[in-house]
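Enquirer: Start from chain A and add chain B according to the hints.
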Amino acid sequence: MKPTLGDLEQLVLLALLRLGQDAYGVTVQQEIVTRTSREVSLGAVYSTLARLEEKGFVRTRIGDPTPTRGGRRKKLYLVQPAGREAVREALRALRALSQGLAPALGLS
Amino acid sequence: MTRRGPTDFPAAPRLARLCLTLRVPRAEREFIKGDLAEGYALQLAVQGRVRARLWYWRQVFSILRLSWRPTPFRPAFSRGDSSMTSLLADLRFVLRSLRRAPVFSALVVLTLLIGIGATSALFSVVYPVVLARPPYPDSDRLVMVWERSPSGEKDNIGFLTGADIRKETHSLASLAMISYWNPTVRTGDQAERLNGARVSHEYFATLGVRPAMGRDFTGEEDHPDTRRVVLLSNALWRRQFGGDSSVVGGSTLINGVPYRIAGVMPATFQDLLLPQAEIWSPLGYEASLPWACRTCHHLRAVARLRSGVTRAAATQEIDAFMRTLRERYPDQYSLVGARLPTLHEEVTGDVRPPLLGLFVAVLLLLLLACANVANLFLGRTGERQTDLAIRLALGAARGRLVRLVSLEAAVLSFAGGALGMLAAWLGTRLLPGLMQVPETLARGAAMAPPVLGLGLVLTAFSAVIGGTLPAFLALGESALSDIRVGSRALLGRVRHRLRNAVVVTEVALAVLLLAGAGLQVRSLRETLAGADRPRAGPGPHDAGLSVGAAVRHYWCSPPVLPAAARGSDAAPRRGARRSGQPAAAGRQL
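Residue numbers (our numbering), protein chains in the order written: chain A, 1 to 108; chain B, 1 to 589.
For the record, the hints were derived by calculation from the structure and aren't laboratory data.
Hints are not guaranteed to be accurate.
If the Cβ cut is set under 8 Å, some of the chain B residues that face chain A in the computed set are [what the hints assert, rightly or not]:
1) 30
2) 33
3) 34
4) 35
5) 37
6) 38
7) 39
8) 43
9) 58
10) 59
11) 63
12) 65
13) 390
14) 394
15) 395
16) 399
Restraint ranges, calculated between C-beta atoms of paired labels, are given here [to be verified]:
17) A:60 to B:511: 53 to 63 Å
18) B:15 to A:35: 43 to 53 Å
19) B:29 to A:39: 19 to 29 Å
20) A:36 to B:393: 12 to 22 Å
21) A:104 to B:25: 45 to 55 Å
22) B:511 to A:39: 53 to 63 Å
23) B:393 to A:88: 19 to 29 Å
24) B:21 to A:67: 15 to 25 Å
25) A:35 to B:400: 29 to 39 Å
26) B:512 to A:60: 31 to 41 Å
27) A:104 to B:457: 56 to 66 Å
28) B:399 to A:100: 38 to 48 Å
29) A:88 to B:453: 52 to 62 Å
30) B:508 to A:36: 50 to 60 Å
Glycine included, each C-beta is placed from N, C-alpha and C at the ideal position.
Only chain A is shown next, with the shape it has when bound in the complex (with noise of 0.2 Å):
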């Protein structure tokens, strides 16, 4: 059976997406807190990060220092085919089961 996400893992993935090359740890907490409002602190994206990478959905670089990090390199990620995948089957489920629901919940 295939590894299926939970739901941290989603947004991770998703903000991963959006962020392209620039994808690393502070990048990507303020990402999901800017688009989701939601608290997420540095310690569950790191460990989300984590989990991803053992599940082969992303793997890292190391990337440049910069002055704004005193000097220090950036540990960088990319999704993998297989996380791109398992965004889409995830994003399917919603929607296959979101669907016809508009109205009970209240949206127009």
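Expert: What follows is chain B alone, placed relative to chain A:
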């Protein structure tokens, strides 16, 4: 790389940074500190200094909480954690958690104690009695020689038949005949009636054993006039003669007649053909004696195959020779051939089926115990669901959780196994005495290395079947990926499915056990019904058996003499005597 930039923590909490330095592995520290610096600068610009510091602390706490866990960032954060250290940590955790669940632990240990203890105890009897080879050199070459009736049944042989086989066939290196003997030995004021045997002078040489003291019988002593010489068992020598080595070469009164003591057999010697025998004397037959005739079917014969001769070839030759004898003496042979079972088959033939049957039943009992343990572990996994779910949510690896639960199963199985082996050891020491099992059998029942090996295998088997497998299934991929704190549905479903499987297995095993028990009872009933018939030669077992004696008799009696076992259904022959009538032996003196 790690120099401070102009925007780097001018006011970032120093203590929080110190905590990070202490707790976060070096490999990850640079990236995390960089992320925090970047986020802090942003918060500082947008929210102000106080909120930025609060934000900073919140993030550090969330990271520290991860780094406190054994494997939050597998594999990166666990690099500095050697597998042995984490295993010891897991072991300590398991021991603590088992201390908190004494009833569960005691139940599992007790269940395994019964299962492993019973299996090991019985195997300690089964192994030497059924599986181990006879304790003689090249015992594969030792065969019994029986005459064969038209229906294929085996019968004792007459002295002259044995003598002719010895003289005229070539497959056998040696052949010895054996008859029962119940002498009364008198030493001082004490008289003791003994179980013994009269044997051809080649008997011990055929088996491949030599006396520990003194000498073996000689050919000259195997005659009617010179046969008053005996070999003693070690036990008899110690009991009747106080272990005095000077008695060897001396004489003693047997049935009121002086006999010379030729020697003493080794303490380890077991006469498998007559387990109760404690004294041996030469057969002392010759052709002129009335009881040495061809139709006097009261002797058993044991032979050693010549090196390189197979049992099949020997059987063929002796079978053909028996037909020749029948042609030579048509009025003296109603039997048509020979049968040559190996000594091992002969000795274990009677006890093998009931013992193996009982062993299988006990193995089923062990499986039942394992199923019960699996059920207990499933229940416990259910109770710990929240704990496991929290660990998963914090990023614990599935393998790590399975290892944790497996370790729990291993610890309990080891405890159950060790206590089970202790119980088995006590059983092999106490049970023979309590059940009055004959000494020969009790002596064989010991915690031999194969028994200990089996105990270890059973312990590992119980750990895997009882604990690890349920844990692995309950924490399987499908269950894990969807598990959430507070959401019990999925793990619950998995557990229920497993529990159903366990219940089905238990019922199936119970049915098998019941069927096995039924068969055992039937065998026992047949044994009791057959107990009135003379069965295995002399001794106190032959008449008026109690239930316990009948069971012992069934399991522990020496190899059956078919003619004796059949009792009156065999036609009486001239001069024939039943070897189950020991009084006859007295007339030979």
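Enquirer: Compare the structure with each hint and give your call.
Expert: Consistency of the hints with the structure:
1. 30: Holds, about 5 Å.
2. 33: At about 6 Å, which falls below the 8 Å cut-off, the nearest Cβ of chain A leaves the hint on residue 33 of chain B intact, so it holds.
3. 34: holds, 3 Å
4. 35: holds, 4 Å
5. 37: Holds: closest Cβ of chain A sits about 5 Å from residue 37 of chain B, inside 8 Å.
6. 38: holds, 5 Å
7. 39: holds, 4 Å
8. 43: Result: violated, 10 Å to nearest chain A Cβ.
9. 58: Given a least distance of 6 Å, the restraint on residue 58 of chain B holds.
10. 59: Holds, because the Cβ-Cβ distance from residue 59 of chain B to chain A comes to roughly 4 Å (cut-off 8 Å).
11. 63: This hint holds: residue 63 of chain B lies near chain A, its Cβ roughly 5 Å from the closest one there, short of 8 Å.
12. 65: holds, 6 Å
13. 390: violated, 13 Å
14. 394: holds, 7 Å
15. 395: holds, 4 Å
16. 399: At 11 Å from the nearest chain A Cβ, residue 399 of chain B fails the 8 Å test, so the hint is violated.
17. A:60 to B:511: 53 to 63 Å: holds, 57 Å
18. B:15 to A:35: 43 to 53 Å: With Cβ atoms ~32 Å apart, the hint is violated.
19. B:29 to A:39: 19 to 29 Å: Check passed, 24 Å falls within 19 to 29 Å.
20. A:36 to B:393: 12 to 22 Å: holds, 19 Å
21. A:104 to B:25: 45 to 55 Å: holds, 49 Å
22. B:511 to A:39: 53 to 63 Å: At roughly 58 Å between Cβ atoms, residue 39 of chain A and residue 511 of chain B fall inside 53 to 63 Å, so the hint holds.
23. B:393 to A:88: 19 to 29 Å: Since residue 393 of chain B and residue 88 of chain A have Cβ atoms about 25 Å apart, the given range 19 to 29 Å holds.
24. B:21 to A:67: 15 to 25 Å: holds, 21 Å
25. A:35 to B:400: 29 to 39 Å: Between residue 35 of chain A and residue 400 of chain B, where Cβ atoms are some 33 Å apart, the hint holds.
26. B:512 to A:60: 31 to 41 Å: Violated, at about 55 Å.
27. A:104 to B:457: 56 to 66 Å: Holds: the Cβ-Cβ distance is about 60 Å, inside 56 to 66 Å.
28. B:399 to A:100: 38 to 48 Å: Once the Cβ atoms are compared, 41 Å apart, the range 38 to 48 Å for residue 100 of chain A and residue 399 of chain B holds.
29. A:88 to B:453: 52 to 62 Å: holds, 55 Å
30. B:508 to A:36: 50 to 60 Å: holds, 53 Å
The structure fails to meet hints 8, 13, 16, 18 and 26 from the earlier list, while all remaining hints are met.
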